[in-house]
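Student: Sequence:
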Amino acid sequence: RLEMSDDYKLEESRIKEFLDSEKNEDIVLLHKSAWKQKKEKVYTDCIGYVRKVYQKESGKLIGAIELEISNEQFAKLYQPVLNNGSRIWITVENQIISSDDKEELYKDLSGESWYTELRRAAYDEIAYKDTNKYIYFCKPYKEFGWNILCIASKTSYMKDVQRYAWIDIILG
Numbered sequence: 102r103l104e105m106s107d108d109y110k111l112e113e114s115r116i117k118e119f120l121d122s123e124k125n126e127d128i129v130l131l132h133k134s135a136w137k138q139k140k141e142k143v144y145t146d147c148i149g150y151v152r153k154v155y156q157k158e159s160g161k162l163i164g165a166i167e168l169e170i171s172n173e174q175f176a177k178l179y180q181p182v183l184n185n186g187s188r189i190w191i192t193v194e195n196q197i198i199s200s201d202d203k204e205e206l207y208k209d210l211s212g213e214s215w216y217t218e219l220r221r222a223a224y225d226e227i228a229y230k231d232t233n234k235y236i237y238f239c240k241p242y243k244e245f246g247w248n249i250l251c252i253a254s255k256t257s258y259m260k261d262v263q264r265y266a267w268i269d270i271i272l273g
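Using the working numbering, the first residue of the sequence shown is number 102, and each one after it goes up by one.
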């Protein structure tokens with residue numbers, strides 16, 4: 102018997118709303134997956150892609166398919182570039198929707214002055230903010246409605262810049 106959790110009910114209503122909409126595909130932002138339930142009845146934070154499915158001959162809408170990727174798997178995509186306290190976050194409307202640290206998920210960044218400043222500067226392109234300790238980068242992805250933020254320790258970042266400068270000088 103399938104347990105009707107609140108996450109399942111929310112997912113069901115989200116899919117029904119999508120099927121009634123004019124959209125053929127959509128990105129489902131951070132949510133608790135109703136399908137990726139563990140034995141402990143813990144639902145996984147994930148990001149999804151949903152697309153309508155039509156009957157080939159008649160063109161009649163027959164349902165939807167949703168592909169989900171857990172936040173843990175999504176974060177593994179950018180973990181190789183993280184070092185010395187660097188952070189990469191994906192945000193939507195001031196909220197962190199992807200992070201390699203579960204404690205940061207759903208965190209609201211609207212009260213952070215560096216974030217507000219970066220968002221204003223990064224309306225159409227990459228923006229950065231340099232402080233004494235950190236360098237912040239922000240790249241907007243309007244097609245998804247999200248921003249990718251990178252926070253790097255200034256000392257670590259400058260070591261890499263210096264290394265590449267020397268390589269550039271030596272190689273010409």
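Derived by calculation from the structure, the hints in this document are not laboratory data.
The structure presented is a predicted model; accordingly, all values stated were derived computationally and were not measured.
Among the hints, a few may not be true.
Stated by the list, open to error - The calculated label-pair distances, taken between Cβ atoms and stated as ranges, are:
id: 1; residue 1: Ser171; residue 2: Tyr242; range: 44 to 52 Å
id: 2; residue 1: Lys260; residue 2: Glu218; range: 33 to 41 Å
id: 3; residue 1: Glu204; residue 2: Gly164; range: 17 to 25 Å
id: 4; residue 1: Glu118; residue 2: Met259; range: 18 to 26 Å
id: 5; residue 1: Tyr242; residue 2: Glu213; range: 44 to 52 Å
id: 6; residue 1: Ile128; residue 2: Arg264; range: 15 to 23 Å
id: 7; residue 1: Arg221; residue 2: Lys161; range: 45 to 53 Å
id: 8; residue 1: Glu213; residue 2: Arg152; range: 16 to 24 Å
id: 9; residue 1: Leu111; residue 2: Arg152; range: 31 to 39 Å
id: 10; residue 1: Asn195; residue 2: Glu158; range: 24 to 32 Å
id: 11; residue 1: Leu111; residue 2: Asn195; range: 31 to 39 Å
Said to hold, decoys possible - Keeping only pairs whose Cα atoms sit at most 25 Å apart, straight-line, the calculated SDA-like set for lysine to any residue is:
id: 12; residue 1: Lys243; residue 2: Leu206
id: 13; residue 1: Lys177; residue 2: Leu120
id: 14; residue 1: Lys234; residue 2: Gly246
id: 15; residue 1: Lys203; residue 2: Leu162
Glycine included, every Cβ here is placed at the ideal spot set by N, Cα and C.
Student: All hints are to be evaluated individually against the structure, with a verdict given for each.
Tutor: We went through each hint and held it up to the structure:
Roughly 20 Å separates the CB atoms of Ser171 and Tyr242, a value that falls outside the hinted 44 to 52 Å. Between Lys260 and Glu218 the beta carbons are some 25 Å apart, a value that contradicts the proposed interval 33 to 41 Å. For Glu204 and Gly164, the Cβ-Cβ distance of about 36 Å falls outside the hinted range of 17 to 25 Å, so the restraint is violated. One distance hint, 18 to 26 Å for the beta-carbon pair Glu118 and Met259, is violated here, with the actual separation near 48 Å.
The supplied range of 44 to 52 Å is broken by Tyr242 and Glu213, whose beta-carbon atoms lie about 20 Å from each other. Taking the beta carbon of each, Ile128 and Arg264 are about 37 Å apart, not inside 15 to 23 Å as hinted. Between Arg221 and Lys161 the Cβ separation comes to about 46 Å, which falls inside the hinted range of 45 to 53 Å. Glu213 and Arg152 have their C-beta atoms about 35 Å apart, which leaves the hinted 16 to 24 Å range violated.
A hinted range of 31 to 39 Å is violated for the C-beta pair Leu111 and Arg152, which are about 19 Å apart. Judged by the Cβ atoms, the range 24 to 32 Å given for Asn195 and Glu158 is violated: they are separated by roughly 46 Å. Between Leu111 and Asn195 the beta carbons are some 21 Å apart, a value that contradicts the proposed interval 31 to 39 Å. A hinted pair counts as satisfied when its Cα atoms are at most 25 Å apart, and Lys243 with Leu206 qualifies at roughly 21 Å.
Distance hint between Lys177 and Leu120 is unfulfilled; the C-alpha atoms sit about 31 Å from each other, more than 25 Å. With a CA separation close to 29 Å, the supplied pair Lys234 and Gly246 exceeds the 25 Å bound. Restraint check for Lys203 and Leu162: not satisfied, since their Cα atoms lie roughly 37 Å apart, outside the 25 Å limit.
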